[in-house]
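Using my numbering, you'd call the opening residue of the sequence shown number 1 and step up by one each time.
For the record, the hints were derived by calculation from the structure and aren't laboratory data. These figures come from a predicted structure and were not determined experimentally. It is possible that part of the hints are untrue.
[Stated by the list, open to error] Derived CB-CB ranges, DEER-like:
#, residue 1, residue 2, range
1, A174, A84, 36 to 42 Å
2, E36, E74, 44 to 50 Å
3, A96, I6, 41 to 47 Å
By construction, the Cβ of each residue, glycine as well, lies at the ideal position given by its N, Cα and C atoms.
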Amino acid sequence: LGITAIDPVAEGLFFERFVSALDEGLPGMVMAVPAEWRPELLAFLEQRFGREWVARAARVESYTARAAVQDVGEALDFKADEIAAMVRRVPEGAGADAALAVVLDSRLARQYHQDERVRTWLDLARRLQGLPRRLTVHRSGVIVAPGGPDDGLPVQWLADGHRVAQASWSDAMAAGLAT
């Protein structure tokens with residue numbers, strides 16, 4: 001790619017970090033770059049390879065218990081104060097679950113068993129937990145691909161003039177655009 005002039009053999013580096021017969025498809029590279037340098041790096045990549053070859057990667061945000069309760073409450077047309085109160089009753093963090101809230105909160109358990117709308121709300125929210133909620137722009141992921149990432153992925157122009165591949169890194173790998 002002409003990104004570096006480092007000779008891994010001459011420098012005594014592990015050559016398989018640069019080229020491996022086990023890797024199929026296009027070469028991939030991961031670099032840690034300070035946040036303040038990322039716009040400059042993106043501009044460099046676009047200038048070096050062409051804007052059509054470069055797109056930012058997306059990140060798949062999954063439904064947490066609270067996000068699912070929020071979105072389902074809105075979809076079922078509950079009032080904003082009812083939604084806010086319900087979201088506060090759902091535990092936070094990894095492993096949090098709308099069903100766990102019913103078990104831990106006796107008042108909510110009563111509501112769940114007596115009110116069909118509340119039961120539908122929490123049951124639907126529970127089914128959404130862990131599913132993809134939306135795509136966001138990955139803070140540092142960039143895909144550089146000959147012919148452009150849009151050869152295998154849907155790509156969208158952002159307001160800042162850059163492009164984002166509407167796919168996760170694993171989707172880019174499946175499309176043969178990353179390893």
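These are the hints, each one checked on the structure:
1. A174 x A84: 36 to 42 Å: holds, 39 Å
2. E36 x E74: 44 to 50 Å: Given range 44 to 50 Å: violated, Cβ gap about 37 Å.
3. A96 x I6: 41 to 47 Å: At roughly 46 Å between Cβ atoms, I6 and A96 fall inside 41 to 47 Å, so the hint holds.
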